[in-house]
Each structure stands twice: as C-alpha cells, then as structure tokens.
Amino acid sequence: MRVLSLVLLAATLFAPKAVKATEEQVVLGLSRDRVAITANFDGSDILIFGAIKRESPIPSGDPLQVIVAVSGPSAPVLVRRKEKKFGIWVNTDSVLVDAAPSFYAVATSSPFTEVITDTEDLRHKISINRAIRSVGADMNIQNAQEFAEAVVRIRAREGLYSIRENTVAVDEQTLFRTEIDMPANLTEGDYAARIYLTRGGKVISTYQTTIDVQKVGLERFLFNLSRQQPIVYGLLSLAIAIAAGWGASAAFRALRGN
Amino acid sequence: MQIYLPIAEVSVNAFLLLGLGGMVGILSGMFGVGGGFLMTPLLFFIGIPPAVAVATEANQIVASSFSGVLAHFRRRTVDLKMGTVLLIGGLTGAALGLVLFNYLKSLGQVDLLVKLCYVVFLGIIGGLMFIESLNAIRKSRKTGGTAPKRRQRGWIHAMPFKMRFRTSGLYISVIPPLVVGLFVGVLSAIMGVGGGFIMVPAMIYLLGMPTKVVVGTSLFQIIFVTGFTTMLHATTNYTVDVVLAVLLLIGGVVGAQIGTVIGARMKAEQLRILLAGLVLAVCGKLALDLLLMPGEIYSLGTTGGH
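Top line first, the protein sequences correspond to chains A and B. Residue 360 in the numbering used here sits at position 163 of the first sequence, and the numbers go up by one each step. Residue 499 in the numbering used here sits at position 11 of the second sequence, and the numbers go up by one each step.
No wet-lab data here; the hints were simulated from the structure. Be aware that one or more of the hints could be misleading.
Covered by chain B, according to a simulated footprint, are these stretches of chain A (three or more residues, beta-carbon under 8 Å) [unchecked claim]:
{"hint": "1", "segment": "226 to 236"}
{"hint": "2", "segment": "271 to 281"}
{"hint": "3", "segment": "343 to 354"}
{"hint": "4", "segment": "425 to 438"}
Bear in mind that the values here come from a model prediction, so they are computed numbers and not experimental data. Virtual Cβ for every residue (Gly too), placed ideally from N, Cα, C.
Based on the sequences and whatever the hints tell you, model everything.
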C-alpha cells in the first residue's frame, strides 16, 4: 500500500513535467540562413526569432526562458605561452585545445545563472567555457586551465566570443526574438544555431539549425584558386605585380612628358 | 570602405591599406629602398596574420622593384652578370629560408625569429648609416667634401673562381656575391623583405661595386628572389593574399613616384640621416616588444596543417 502511494505520488509529481517537456516546442525563423562573405563584407546581423508551440495552456510556475547559442566550426587551437628567457619574451609552453569554435555567441533572456543551472549547462555545453574542449594538456605544464581561458579571452577581445545576457526578448512566454551580430573577421563553415527553452533552470526543449557562412564571388574564386591551383594563383599574383609595376612606370613617364 | 581579404580572412579598411602603401611608397621613392622592412611590421600592427603579411609583402616588392628596375634599364645601370650571380645565391637562400621559416613555425618560434631578424639587422644597418652620415655632414662642413677613402678588399681578391663583371668594372671571385645573395635570399623568405637595405651596403662596401650600378642591380636581383619567395609561399603555405597585395601596390607605386620627386630636392646626407632615424625607430619599437612584458602572454596558433 505504501509502495503504491509512493508510486502514485511520484506519478503525480513527475508525470506532468515529463509531458510538459515535450509539449513546448520551438518554431524558428531566421532573417537569413546564409551569410555571404563578399569583398566588402563587414559583419552581419542575424535576426533569430520564433514562437513556442504548445497544445496546452501556458504552465504556471517558473517563467519560460530562452537561450540562443550560435557557434562557428570547431577546430583545434594551439595555445602558446610566453616566458622571459635571456631577457626577451619567448614562446615556451604550449597546450593543444582540442576543439574551440571559431565564433561563439550566447544570448539569453535573463542573466545566465538564472536561466540555466550549472549541471544543465554542463550537459548541453552552452556557456563558452563549456563549449571549448581541452583534454590533451601535458602534465608537466602548470595551470593548463589558463590556456583554455586565454582562448576565450583573446577571442572575446576580437569580438568572436560573446555572452549577451538579457538580449533575448520573450513576449507572453510565446514569442521570442534576438539579434546576433557577427563580426567581419568570420571564417567559413556551417554555423550551428541552438535554441534552448528552460524553466527553473532546466532545459525543457531544444532546437537546432545551421547557418551557412560562405565566401562568394571573387572571394570564393580567389580562395579556391589559391588552394586548388596554387601554382596558377602564385603566377597570377606575380603577373598582377609585374603589370602594376610596369603600368606605374609607364604612366608616370607619360605624365612627365617624355 | 571595409574590404574582406580572402586569404588573410580579416576585414580591413581599403583606404587604410592604400594609405599605408602610399606612405611606405613615398619613403621608398625618397630613399631608394623597397620599403618591405617598414611595411611588414606595419601589416602585423594592423592585424594581418604574420605569415600572410610576409608572403604578401614579397609579392608587393615584385611590383615596386619591377617599376624601379625599368628606369635603371633605360639608364643602363644594371649589371646583368653580377645580378645573375647574386640571383643564383638568392634563389638558394630563399629556398633555405622557407624551410627554416616553416620549421620554426612548427615550433611556434617564427614570430620571435622574424622580430629578432628585424631588430638585429635594422639596428646594425640603421646605426652604421647614422654614424656614417653624421660623419659625412661633419666633414662636408669642415672641408667642403673630400673623396672617401677606398676600402681594403685584399681578402676578397685572394679567393678563387674569378670572373669579370664589365658593367661594374670588377674582376673578382664569384664566392662573395654568391654568399651575399644567399644571405639576402634567406632574409627575404623569413622577413618578407627584398633585402635591398642589406644588399646595397654589401655591394658597395664588400664587393666594391660602383654606386651607380648598385641600386639597379639590386632591384633586378630582388624581383626574382621575391618572385620566387612569393611562389614558394603560395604553393606551400597558401598565404599570399592577392587582394591585399593589389591594394598595397596601388598605394605603393603612386607613393614611390611622389617620393622620388621629394627625394630629388633633398641633400644626400640629409636623406640618409632621416632614413637611418626611421630604421632605428622601427628597430627600437620591435626591440621594446621583445623586452617589455607583453600585454597578453598567450597567443593562438593553428596546428601544423592549414
């Protein structure tokens, strides 16, 4: 009898939550799902907006919070530390950070710590420090953690990593919108846009889509040429240089009138 | 107007690059140097990755040297034979330099190497030029200018494999020019410079070439060495940014012509002392970077591949 009541209690306690988790879903819109890096590219704003689809009325209790995380392609980064040797500053220790995104922006609807608990952050790898993976640190190197922190610090300074609290606007717990501005020094690749819905710090629904960032036109042509036909590309660069040198000389001779 | 550089993968202001090209062009026109030793550090400073800056600068020097050498060909002040000998050394040196460059890049010491090279060579050349032009000014005030003393070149004349260089009026061993070429070739690959600022004094003081053929011959040689360096960087590191090069060389060639006009109106000693000051200033700035604690002791790099 006692066991049964416990089960019943558990069912009443947890069942509604389980249902809730699947009930609220994201319907997403992007102002653009392609970012074209053209010759005069100087950054891009992406409007990410959406609605929460639900079959039942808005649950009472903790309000709905939204996290939007946009991350660029991950690549290993070799972090080096300088030390003073023989009077000058020289790179000495290095640590390979296995995977660090080239771009990372997190926007939240409230301060980060209120939106999500630490355990949930750990599980979903949302905050910048969690999104960077570093395992291969050499045991001989002191403070290996500082190397990963350096990646975050340096990239944040370049505008590549950012956390923007309170920048997701949520209306009536149903509509949300935010704007992610991407800097001019972007690299190419598939950028993942992840949206998390949370209540009381717990993730109740996730949604993921990709934004395609690509060089186009002349940029695309030159980049491909330099990788696929490096000899042709090198000769082209030289030809341009020679032509410019000759052109300048000829033009100024004509200008001086001889 | 922002422009996105396809290889450097950074966005920079096009007018800034044109301006930099123009400014360095004016200086190179005034002083008859390639200007690579100024441009490459400036490119580091505006945030171009060092590997791209070095490779692209080599490409830009091809343009400015070609523009310059045409004028010297018309005046017949190019010693083709000497140029070819220097070139053989230079090409070998450039290949060696690139191997060294890539090896140190894998060790993470390439920035240090490049900066050390700059500090050492700019320091020596700048210092020597400064002292020499100060003395020249002092002398010309006292006596109204006397002919400079001929330097002793005994040990160079004792070397084998002698060759006659008609345009320069020299009969010397091919070993010294080969070594000079080799040395400048290595520097060209590592520092992204033409090496004129080392080549010209070496030709005058070490090889004893007449001053009038020195600049033309050095330019002739530099075109091929930097052209070769460009190709090496383009095919092994994929770091030549043609958009960056075009912007720099447009500014550069225009600036060089303006600089030539300014240079023609100034006295040789004044020019040299200005150039010496400039060289020492760049050297001092780079030396401070090495000696003082950097604001950020960590730096990010990619791993081996591209």
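Evaluation of the provided hints:
1. 226 to 236: holds (count 3)
2. 271 to 281: holds (count 10)
3. 343 to 354: holds (count 7)
4. 425 to 438: As far as the segment 425 to 438 of chain A goes, the hint holds, because 10 residues have Cβ atoms under 8 Å from chain B.
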